[in-house]
Amino acid sequence: MTGHSLRRLRRAALLALGLQALLIMLAALLLWVTGTAMHRHAVAVLLGGAISLLPNLWFALRVLVIPAPLHAPQRISSLYKAEAIKLLLVVALFMLVFAGMRSVPAATVLAAFVLTHPLYLLLQGWLLTRMEAGQPGAGRDLAHAQTEPASNPDN
362 MTGHSLRRLR
372 RAALLALGLQ
382 ALLIMLAALL
392 LWVTGTAMHR
402 HAVAVLLGGA
412 ISLLPNLWFA
422 LRVLVIPAPL
432 HAPQRISSLY
442 KAEAIKLLLV
452 VALFMLVFAG
462 MRSVPAATVL
472 AAFVLTHPLY
482 LLLQGWLLTR
492 MEAGQPGAGR
502 DLAHAQTEPA
512 SNPDN
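Counting in this note's numbering, the sequence shown runs from 362 upward without gaps.
It is possible that part of the hints are untrue.
Below, simulated SDA-like cross-link-like pairs (lysine to any residue); rule was C-alpha separation at most 25 Å, straight line [unchecked claim]:
#	residue 1	residue 2
1	Lys447	Trp393
2	Lys442	Val475
3	Lys442	Leu480
4	Lys447	Trp419
5	Lys442	Arg423
6	Lys447	Leu391
7	Lys447	Leu422
8	Lys442	Ser366
9	Lys442	His432
10	Lys447	Thr397
11	Lys447	Leu484
12	Lys442	Met462
13	Lys447	Arg372
14	Lys442	Met456
Just so you know, these hints were derived from the structure itself, not from any lab.
Work out the full structure, taking the sequences as your base and the hints as a guide.
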């Protein structure tokens, strides 16, 4: 993987996590303002979304930001270890939520997790596609976009 494609993947992953966090907070806010009866569900959406978001953030930082070993077997081993730790984080966070927050509806926590977990993958794929196409507003740096030479179709 080249340095440029790794930077693009890092940017897409972190931007997707930011968008995921924004959507989780928006959903919780919408539930919160609908009335007092929905406050527990708003908290449950935040918790379920956080259970999805935090392990994905850890994985993205571990795999994409910290320099990886140069050899392929070490890189693959590092990926497997990071994925195993990510799954353990998910289990630990569910245990913390269900043990410590008994008043929060478990079905809403699970629904928020199930809905937000694939959202990260969809957002990241969508952002990578937009970045490859070079569309504006797809997470490209303004300075980077201004310093790139204009492509000439005649060359």
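Exercise. Starting from the hint list further up, note which numbers the structure goes against and sort them upward.
Key: 1, 6, 10 and 12
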